[in-house]
Amino acid sequence: MRSLLPPPAWRWPVAACIAALALLAGVAVSRLGPSADQARAGAALLATSLPDAQGKLQPLDQWRGQVLVVNFWATWCVPCREEMPQFIRAQAESGAKGLQFVGIAVDQADKVQKFAQEIGLNYPALIGGLGAMELSRDLGNSLMALPFTVIIDRDGRVVHTQLGLLKPDRLEAVVAPLLAAHRHA
Amino acid sequence: MDMHPTSAGSRARAPEPDRRRIAALVALLVALLVALPVRGVDLPGGEAKLLPPEDAFRFSARAVDDHTLEARFDVADGYYLYRDKLGFTVEPAGLASGTVDLPQGIRKHDAFFGDVETYRGRVVVRVALTSGRPGQALVLKADSQGCADAGLCYPPTVQQVRLALPAAGQGPGPVVEPPRKKGWFN
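From first to last, the protein sequence lines are chains A and U.
Mapping of the first sequence onto this note's numbering: position 55 corresponds to residue 55, and the numbering continues sequentially without gaps.
Mapping of the second sequence onto this note's numbering: position 48 corresponds to residue 233, and the numbering continues sequentially without gaps.
Incorrect hints may appear among the rest.
Here are the in silico distance ranges between beta carbons for each label pair [to be verified]:
(1) A/GLU93 <-> U/ARG307: 42 to 48 Å
(2) A/SER49 <-> U/PRO341: 20 to 26 Å
(3) U/GLN289 <-> A/PRO59: 32 to 38 Å
(4) A/SER49 <-> U/ALA296: 53 to 59 Å
These stretches of chain A come out as covered by chain U in the derived footprint (C-beta under 8 Å, 3 or more residues) [claimed, not checked]:
(5) 62–76
(6) 131–139
(7) 145–157
In the DSSO-like style, the derived pairs of lysine-lysine whose C-alpha atoms are separated by at most 27 Å in a straight line are [claimed, not checked]:
(8) U/LYS326 <-> A/LYS167
(9) A/LYS114 <-> U/LYS293
(10) U/LYS270 <-> U/LYS234
The set of hints was computed from the structure by calculation and includes no laboratory data.
We put the beta carbon where it would ideally sit given N, CA and C, even for glycine.
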């Protein structure tokens, strides 16, 4: 009877290949991140309530079931301001399909209100103050820098985080399949 | 053709199994070296290469004489500080005269804030004191806020150093840096 094991001279190379493949698989899985963590991070963010520029408390939970793009920004952050016109366009184009942008400003309400009027902001701008930096750190913004953007699917899972500018093609690539997907929960 | 060679067949083609084992080990090590750095490369927006604010904007200071402090920022390449966001406080509070000599920055027009000035490279700021005694200990706190050309900004950061005023005729004190935080990245 022929053995299922490879011949002795092949065992080492075969074992090495299996070990390397297992290692690569492990690395791939750790990069994807377990979905329990994504759900937990999303739940923590959705459980947050922050005041808008008029001082009215807005629970993020009200946008559950939509594809939510939460953008941490500030008026003193030039790159943040530079990427906002593309968010305004995407909100106008895809809002009806269930895309919802929410800005969390690490800033003062009067400055946020003035800038929102100037730029014609068409999505909510909440005021986070410096406490919002810690909220973003818990979502993976280890440098606590801006802009930082979190994309949450219809089931409340964090599917993408971006420190620095979110390029329009990247936003489109992440958001399009999420808009097409139906809610599971 | 038989794709699964029998033991006898492969043994006949492998007179030196030890050499193969070494080759396999080398292959495994190469695979490890290839696989391990993947995590760092894939971080969004090249996050791995960005400096924490205290390294992007390295603060240090010295006491020049009994009534003058000199604060410095060494701004890393590719980063800049806002002039109007620099602020200095001295403890004990009565010691500061309120005169802070900020050098001129690079002028830029900002659509929202109007004209703003930024600093790159080394920035040296003179902070005047009212009445210091030789040997007096004090704390100099520096507020700063800056950004990276890579397209992101840091929130306002406070850094501080402890200084001692030099005795009369002794010359400037040593340059002091804030204590370094120990972390994964340094």
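* Asked: Failing hints, ascending?
  -> 3, 4, 6 and 8
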